[in-house]
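A.B. asks: Please build the complete structure, drawing on both the sequences and the hints.
There are 2 protein chains.
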Amino acid sequence: MSTFGATAGGGVERQAGSEADHATRAWFKGWLTERGFTVREDAIGNIFGLYELVPGAPYVLMGSHLDSQPLAGRFDGAYGVLAAAHAAHTVVRASAEGRVTPTLNVAVVDWFNEEGSRFAPSMMGSSVATGKLALAEALAVTDTAGITVAEALGERPEPVPGLEVASYAEIHIEQGRLLEEAQTTIGLVHATWAASKYRISVNGAQAHTGATVMEDRRDALYGASLLVVAVRELTELLPEGALHSSVSEMEVLPNSPVTLARQVNMNLDLRSASEEVLARANELLAEKFEEIEAKAKVSIERRLTHAWGLVDYPSGGVELARESAAALGLSHTPIMTVAGHDSTNMKDVVPTVMLFVPSIQGVSHNEAEDTRDADAVDGVAMLSDVAARLVSGELHEGDSYRLA
Amino acid sequence: MSTFGATAGGGVERQAGSEADHATRAWFKGWLTERGFTVREDAIGNIFGLYELVPGAPYVLMGSHLDSQPLAGRFDGAYGVLAAAHAAHTVVRASAEGRVTPTLNVAVVDWFNEEGSRFAPSMMGSSVATGKLALAEALAVTDTAGITVAEALGERPEPVPGLEVASYAEIHIEQGRLLEEAQTTIGLVHATWAASKYRISVNGAQAHTGATVMEDRRDALYGASLLVVAVRELTELLPEGALHSSVSEMEVLPNSPVTLARQVNMNLDLRSASEEVLARANELLAEKFEEIEAKAKVSIERRLTHAWGLVDYPSGGVELARESAAALGLSHTPIMTVAGHDSTNMKDVVPTVMLFVPSIQGVSHNEAEDTRDADAVDGVAMLSDVAARLVSGELHEGDSYRLA
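Chains D and Y, in that order, give the protein sequences.
Numbering of the first sequence is given in my numbering, commencing with residue 1 and proceeding in unit increments.
Numbering of the second sequence is given in my numbering, commencing with residue 1 and proceeding in unit increments.
Treat the hints as calculated values from the structure; they're not laboratory data.
Errors might be hidden in some of the hints.
It does not matter which identical chain is used: a pair holds within one copy or between any two.
For lysine-lysine, the following DSS-like pairs were computed, each having C-alpha atoms within a straight-line distance of at most 30 Å [to be verified]:
#1 197 / 295
#2 132 / 29
#3 297 / 29
#4 29 / 197
#5 132 / 197
#6 132 / 288
#7 197 / 297
All of these numbers come straight from a predicted model, not from anything done at the bench.
C.D. replies: Structure follows, in structure tokens:
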């Protein structure tokens with residue numbers, strides 16, 4: 001799978017809707033079809049592989065995403081899709097051989113555009129499927145070259161009714177180094193860090209970089225740089241490790257070698273496992289905005305685009321996963337996720353299990369991202385056992401959810 | 001002229017080789033042809049308007065540039081070309097009427113791509129014409145869309161022998177506020193500030209913006225921001241007003257909302273009227289590079305791309321201009337230029353006069369850039385008088401220079 005969009009540095013580059021993403025998706029559909037799964041695509045490009053074990057019953061859905069960041073690793077998302085496919089196939093065979101007694105059907109999913117690097121927002125496919133984002137709005141999003149999501153997806157098949165889902169499971173690399181340091185194989189994800197995400201515009205005035213005296217300058221890039229530094233230093237004003245902060249995207253206007261920037265547009269991301277810490281960080285940030293406006297003679301517009309508190313995963317799923325890990329003799333620990341995942345959307349509509357395997361040195365969104373083979377294989381065994389339990393009806397109390 | 005590439009904010013946008021630049025150039029060629037000038041273009045797109053007064057004699061050349069920065073003002077460069085055209089036309093009529101006795105011919109020039117915002121380096125046309133930049137190298141430069149200078153110029157006329165030039169004169173807006181504050185009409189440019197210009201790459205490592213613990217981050221954008229702030233703060237470590245410093249251009253890779261930057265590429269510009277101050281600023285900057293590499297866990301590559309000390313304009317040209325201003329009763333003062341101009345190249349090959357008129361509040365590279373009508377008109381009178389003196393043979397001691 002990692003030959004699609006392979007990079008010289010040993011990683012992959014498969015941004016959503018790119019040629020490499022489409023190639024991986026085509027390969028994935030072939031894999032499913034060869035093993036007797038029925039392939040369906042919805043209007044936002046999510047690919048489903050369905051296997052009916054109990055005619056007419058709702059589905060246990062498992063999956064993650066095949067798209068990647070630019071110059072990314074081979075595991076982020078792709079591991080979860082491949083693990084889900086193998087787990088589903090294992091359950092299908094176990095059912096045929098009478099080792100599992102299914103009460104539900106099983107399906108695998110590649111959620112379109114989880115990464116959001118080419119088309120914002122991230123988790124686009126699962127957001128549309130769970131009714132959190134309107135289809136038309138998502139299809140109209142453009143990349144920096146002006147290409148829409150609809151264009152990047154290309155010809156769409158006729159829409160079919162959304163899948164009826166009873167429960168969801170996802171496995172992902174940790175993207176941190178807690179599991180590796182604890183020498184633990186399986187992370188049982190029980191909550192998501194709280195987060196505040198801003199869209200920032202720093203507004204100054206164009207001026208000649210050479211001729212303009214320093215006191216007359218209203219340099220938007222100086223103001224933006226003060227803000228990037230302040231955002232980083234927020235972490236030093238709070239207990240060690242309590243706050244993660246970043247700015248990673250920046251547009252400088254006019255971006256000329258001899259004209260001071262009139263405007264800088266950028267993102268700003270604060271995350272914490274503590275809602276109190278996050279609230280304090282937001283207060284401190286507000287003070288910084290004012291200091292910087294005065295110091296650099298700029299104005300700063302900020303728009304809070306995403307904000308959520310500490311969000312729990314349903315405890316039933318965590319408990320099921322704990323039992324499964326114990327039964328398989330795999331070391332395990334409760335863990336929080338800092339990053340968002342498609343399961344963040346799915347957990348709001350159906351019982352959900354979210355699992356982690358270790359990342360070597362916590363490296364992620366980098367070509368050097370890696371996971372030990374033994375951990376990757378243990379993760380598949382773990383997800384297969386969870387799948388067998390879910391297909392047997394565990395966590396299912398009769399409710400189901402029809403995806404958009 | 002300012003209707004070409006006019007912007008909603010009252011300025012112009014005519015980057016080199018753009019449709020608006022070509023439209024202005026076509027208009028300018030028409031203006032020259034209507035008044036009996038012979039139009040020639042050289043291989044790098046410099047446009048010359050020639051008027052022969054003394055068959056076979058070398059030329060007094062006057063001009064500036066018609067291209068602009070993005071969202072720029074109406075005066076920067078364009079005023080100098082229009083003033084030169086009017087001054088040349090005035091000299092032609094004065095010769096015909098016997099009020100001037102020419103010993104040299106007169107020509108006007110629009111130097112291609114003085115601004116360098118779309119195609120680096122700046123002063124491209126005059127650099128090629130004076131042999132400082134190879135034609136082939138200049139033609140192969142690309143903009144961010146991959147378009148070459150050769151493509152942006154379009155079909156080129158057959159090359160003709162370069163113009164034989166005896167002397168050069170240019171008038172420009174000050175782009176500072178010294179003249180306005182001194183209530184003086186004409187600046188007699190006698191020297192250029194010393195400058196050091198760097199190309200910088202800050203190298204870090206891609207990582208997840210959320211999941212990566214702060215101590216593991218090697219965030220290139222954090223390093224770059226520390227550097228932008230340090231460059232600004234250098235000015236506070238030196239005597240007030242002694243150093244102008246800036247970063248105005250930045251490329252962030254991969255520029256994704258959830259991936260820390262692996263690399264930031266940017267410019268860095270230091271200028272001073274004192275070579276000692278500039279040397280000290282460069283020393284302080286070297287210390288900052290090391291501090292920032294350690295603090296942000298990044299490596300910084302820097303390449304000094306342009307460096308020059310305090311450069312005098314030939315004293316003969318300054319003295320001629322002083323006599324001319326005195327004769328016309330225009331207030332005048334010696335002044336240095338912080339910005340580069342095409343005359344910076346021309347002064348190295350022929351006797352040169354460089355003049356400034358006031359900029360309102362020193363605003364430049366901004367749509368609000370302006371000059372009072374009375375000052376603009378006085379500048380044309382001044383340049384016309386300088387032109388008459390030059391065409392009469394002042395400053396010309398027999399040497400001339402053939403442009404490439």
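A.B. asks: Against the earlier hints, flag every one the structure doesn't satisfy and list their numbers going up.
C.D. replies: 3, 4 and 6
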